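K.L.:
Sequence:
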Amino acid sequence: WDFYPFGVGSFRRARNVVQGSLHGRSITAFEYFYLLMSDSVERNGYQRDTANWFLVCVVDLDHPVPPLASVRTDWLEWHEDELPGPVIPIDHERWSKVFTLVGEDEDFGRAVVTNENAARCAEADVHAEWRFVNDELLLWVWRGRVDDQLLTILDVAKPLIEAAERYSRVES
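Residues 130 to 301 in the working numbering are what the sequence shown lists, from first letter to last.
Read the hints as simulated data drawn from the structure, not as lab findings.
Everything numeric in this text was worked out from a predicted model, so none of it was measured.
Where hints are given, some of them may not hold.
As the list claims (entries may be wrong) - Pair by pair, the computed Cβ-Cβ distance ranges are:
{"id": "1", "residue 1": "P218", "residue 2": "F162", "range": "33 to 39 Å"}
{"id": "2", "residue 1": "R141", "residue 2": "N263", "range": "19 to 25 Å"}
{"id": "3", "residue 1": "R274", "residue 2": "E233", "range": "29 to 35 Å"}
{"id": "4", "residue 1": "F162", "residue 2": "H192", "range": "29 to 35 Å"}
{"id": "5", "residue 1": "P193", "residue 2": "Q148", "range": "19 to 25 Å"}
{"id": "6", "residue 1": "W204", "residue 2": "E252", "range": "32 to 38 Å"}
{"id": "7", "residue 1": "R223", "residue 2": "L164", "range": "30 to 36 Å"}
{"id": "8", "residue 1": "V146", "residue 2": "E235", "range": "34 to 40 Å"}
{"id": "9", "residue 1": "L164", "residue 2": "H192", "range": "33 to 39 Å"}
{"id": "10", "residue 1": "W130", "residue 2": "D284", "range": "19 to 25 Å"}
{"id": "11", "residue 1": "V146", "residue 2": "D191", "range": "20 to 26 Å"}
{"id": "12", "residue 1": "S155", "residue 2": "P288", "range": "15 to 21 Å"}
For each residue, glycine too, the CB sits at the ideal point set by N, CA and C.
When you get a sec, could you build the whole thing from the sequences and use the hints?
P.N.:
Written out as structure tokens, the structure reads:
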């Protein structure tokens, strides 16, 4: 993938890889590590001289969907020009204080991030972001571990996936 947090830093590694299924959908989860050194920091202000890790989960969808990303508002600067379209306003106060939704298809964005799904994401209270890319949902949790948070993010992901797949069927 060519977007944050992938391709950032040095000594990138994936560890603790697990594969399985979520209601018939193939999933792969792993812990993604990289180092940021002072001499390799990009202009957009990534942390310096630090080790970062993310719990990453990839869920295969049954068909491609429009690009859509939910990013933490505090981390928008790290994404620069890689986001898949304009901001889509979501009318859920708690969710909107933490996340920004970005995508080319506003109807798709609102179908996926319903009030119920927005509440579920906000209540999970993890430093997570997610993105629909073609026929995959990618989720990543800053400082997450497979053993500690995989079940929590899959619980949050399931209704997002179901909404995305339903929308595409209705629109086709």
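K.L.:
Which earlier hints turn out false for this structure, listed by number in ascending order?
P.N.:
Failing hint: just 6.
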